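Protein chains in written order, with our numbering: chain A, 1 to 358; chain B, 1 to 259.
No wet-lab data here; the hints were simulated from the structure. In this text the structure is predicted, and so the values were computed from the model without any measurement. Any given hint could turn out to be false.
Below, in silico cross-link-like pairs of lysine-lysine (DSSO-like), each with a Cα-Cα straight-line distance of 27 Å or less [what the hints assert, rightly or not]: (1) B:Lys151 / B:Lys192; (2) B:Lys151 / A:Lys335; (3) A:Lys197 / B:Lys151; (4) A:Lys335 / A:Lys350.
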Amino acid sequence: MLYRENGQFKTTYAADQQTFPIAQDRWAILAILAFAFLGVPLFVDEYLLRAILIPFLILSLAALGVNILVGYCGQITLGAGAFMAVGAYAAYNFHIRIEGLPLLLTLLFGGVAAALVGIVFGIPSLRVRGLYLAVATLAAQFLTDWVFLRVPWFTNYSSSGSVSVANLQILGWQIAEPIDKYLFCLSWLTVFALLAKNMTRCAAGRQWMAIRDMDVAAEVIGIRPMVAKLSAFAVSSFFVGIAGALWGFVHLASWEPAAFSVDRSFQLLFMVIIGGLGSIMGSFFGAAFIVVLPIALNQFLPALGRLLGVTVSTAGVAHAELIVFGVLIVFFLIKEPHGLARLWSTGKEKLRLWPFPH
Amino acid sequence: MNAGGEVVLDLQKVSLSFGGVKALTEISFDVREREIRAIIGPNGAGKSSMLNVINGVYRPQQGEIVLRGQRFTRMTPYKAARAGMSRTFQNIALFRGMSVLDNIMAGRNLRIASNLFQQAIWWGPARREELAHRERVEQIIDFLEIQHVRKTPVGRLPYGLQKRVDLGRALAMEPSILLLDEPMAGMNVEEKQDMCRFILDVNDQLGTTIVLIEHDMGVVMDISDRVVVLDYGRKIGDGIPDDVRANPEVISAYLGATH
Ligand SMILES: Nc1ncnc2c1ncn2[C@@H]1O[C@H](COP(=O)(O)OP(=O)(O)OP(=O)(O)O)[C@@H](O)[C@H]1O
Ligand SMILES: [Mg+2]
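Let the hints inform the model, and build the full structure from the sequences given.
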């Protein structure tokens, strides 16, 4: 069937205000969800789950959070890793200190803790922007790195500095096998992506984008910059914090502060730049790209090296990865600030009008 | 035309300077309910600065703003918006990354009652409210005749349409006082006529008080009830168009200035 809205006459604004106003989009989303929940479990192997799918799901959730702040509200952050750490360690402390707290609440509380810390580190955004704000959020990164390494209370006085959780379950569902973990993360991501989509197309999203695009005009129509910016920091950190908690609890099961280093912050920022600033879809593209690229390079570069008669070391591949990211970031920032998502929507737009481009 | 209303906005001895530059010197004038009040003057006279002071974008070093009997020494854009003022900008200040619809919907911001949580789950109040605002915004879109571009990102629109969207966003606030900074600048005759019609309709049908900066003398003399003339930050004339036109100081300011 053709992709277009022609002929789908909307007789009410309600129909036009749905989450996905174009019918084909609705069907596509449903098909993707059905495939992800029912189809994927039929054929995946453990490697695919552990190395690609689970990290992809969790990082997508984090990227959604970062995109709300950076892409929608226009506030730069280099502290996403810190908020993941806060989410993970807060959830850990709720987990060990409150007997019998349901897993769902544990993870949500982790997100709430991250949101609160996010608001605190968002305060500088009321005064500074751009580079200065980036530095202020970087401070969050270094502070959390230090706190979780040096304050033993947070790691429950673990001698090695690493913490671990086991026996995750919800209402008797043991989240132990990779496939359970996959379905668990997929459920979180589905719900949160919907929440993000709703927020960004409602009043809240308009406030964020207004602040991003023209803050003086935003104030003139009665948007308070403080409310808009801090709510973006809170929502963003909430998403990122829950992603952090999932990363620790579900993906790693045992972790140390290095799991949420500044590298992670940069990685998340790269994801939203490459995927598409200010696009829900872009967050997924970016996460997929960044998860898959290293693995692809790992396969591809040594093979290419053999063809050319040179050996490519693992370190070489790692460097190549950084170079590729660097080049792509520069490309997207200059050529296509809306990232892969824009390439996607341009394609869709062409398709929508095809075969009559005008 | 209706020049006889009560004073809704009263500016008292407003002075504003940027470093050494005196943009406004002891300006006083008032605006009456339902009138179209024009501010004119040569380039750099301080007209935009005046508008920026009125809705709190600039803070004057001296002077007060009395809005419906309430005295403000420190007006802020937010307070002004709450008090029912909205405005457009000389250099269009639209949200470039957003669609026409979203730009105008953003103008409804102060009337949004649902909270973030309700919006996130697209539940009851948030959803109902969004639809109600959408209807209202669609009326504005119809009124400004921009239905065909409602889903277009404003950055892609031609200048004349952007000016309309800017007006649309201001109208979406349902202001009681509307401040317009050169709404017709850079337009061709036809576009100017359309814009004039919109302004007169708003004034006439909605009873909105309008403060208007405009360079085109023909337009100003045609549509405004009273005119303030600024030159080098000072007020050199104030009154109905015919009086202002006959004022020797105004004539010399305009003849002396490069126009
Ligand atoms: N933000 C600012 N910083 C410094 N000087 C300013 C600022 N805004 C205005 N000025 C100065 O104040 C004076 C009045 O400027 P204003 O923009 O109010 O004039 P205007 O009457 O609107 O002119 P135009 O017809 O060109 O729009 C000018 O000398 C201008 O350089
Ligand atoms: Mg001006």
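Evaluation of the provided hints:
Only pairs whose Cα atoms come within 27 Å are accepted, and Lys151 (chain B) paired with Lys192 (chain B) is accepted, the gap being roughly 24 Å. For the hint pairing Lys151 (chain B) with Lys335 (chain A), the CA-to-CA distance comes to about 23 Å; that is within 27 Å, so the pair holds. With a CA separation close to 17 Å, the supplied pair Lys197 (chain A) and Lys151 (chain B) stays within the 27 Å bound. Note on Lys335 (chain A) and Lys350 (chain A): the hinted pairing holds, with a Cα-Cα distance of about 19 Å set against a maximum of 27 Å.
In summary, this structure violates none of the numbered hints.
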